[in-house]
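Visitor: Numbering of the sequence shown is given in numbering that gives the first Met the number 0, commencing with residue 0 and proceeding in unit increments.
Everything labelled a hint here was simulated from the structure, so no lab data went into it. Just so we're clear, the structure is a prediction, and the values are computed from it rather than from any experiment. The beta-carbon is built from N, C-alpha and C at its ideal position, and this holds for glycine as well. Careful: at least some of the hints might be erroneous.
Claimed, not checked - Label-pair ranges, simulated between beta-carbon atoms:
(1) 28 <-> 101: 33 to 41 Å
(2) 120 <-> 11: 36 to 44 Å
(3) 133 <-> 107: 17 to 25 Å
(4) 122 <-> 27: 23 to 31 Å
(5) 28 <-> 140: 36 to 44 Å
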Amino acid sequence: MTRPEHASWAHGPTLDELDPPASPAAPPDATRLVRRAHELRTVPVEQLTTEDLRLLLGQRVAPAVLVPRALDLLADDPWCEGHMYPGDLLSAVLRLPADHWARHPEDLVRVRGVLVRVDPGHPEHPGTDGPLGQALVAWQEPGGR
């Protein structure tokens with residue numbers, strides 16, 4: 000898949016446009032999470048909130064398109080959060096499969112730049128607890144990323 004340039008986000012393309020094929024409507028018996036993920040594919044990428052990005056990346060939806068957008072937000076504030084906890088977007092990004100980072104080394108460089116700004120003394124730092132703490136530990140281990 001060809002990745003969009005950042006400037007293209009300003010024109011309002013959606014995930015259905017940037018990551019074809021367009022997603023069909025969620026089935027009637029779909030969970031709220033699945034329905035929301037389907038709905039978000041029709042929202043312009045530039046309008047996706049931190050929570051929207053967290054939800055979509057947590058479901059592994061279009062990471063090639065969404066990770067650069069998420070990294071833009073994380074570069075400003077590594078602790079930015081959706082509706083779960085401080086740093087939940089960073090946690091979703093760090094939990095992406097290793098093959099994403101292998102295919103997109105520019106994202107790997109950028110996420111490492113974010114990680115050097117994650118201060119262990121910050122009051123929101125989870126230590127080794129919870130999903131973010133576990134993800135941070137995994138990235139620090141040999142063979143981490």
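Visitor: Quick check: which numbered hints come out false for this structure?
Guide: Number 4 - this is the single hint that the structure violates.
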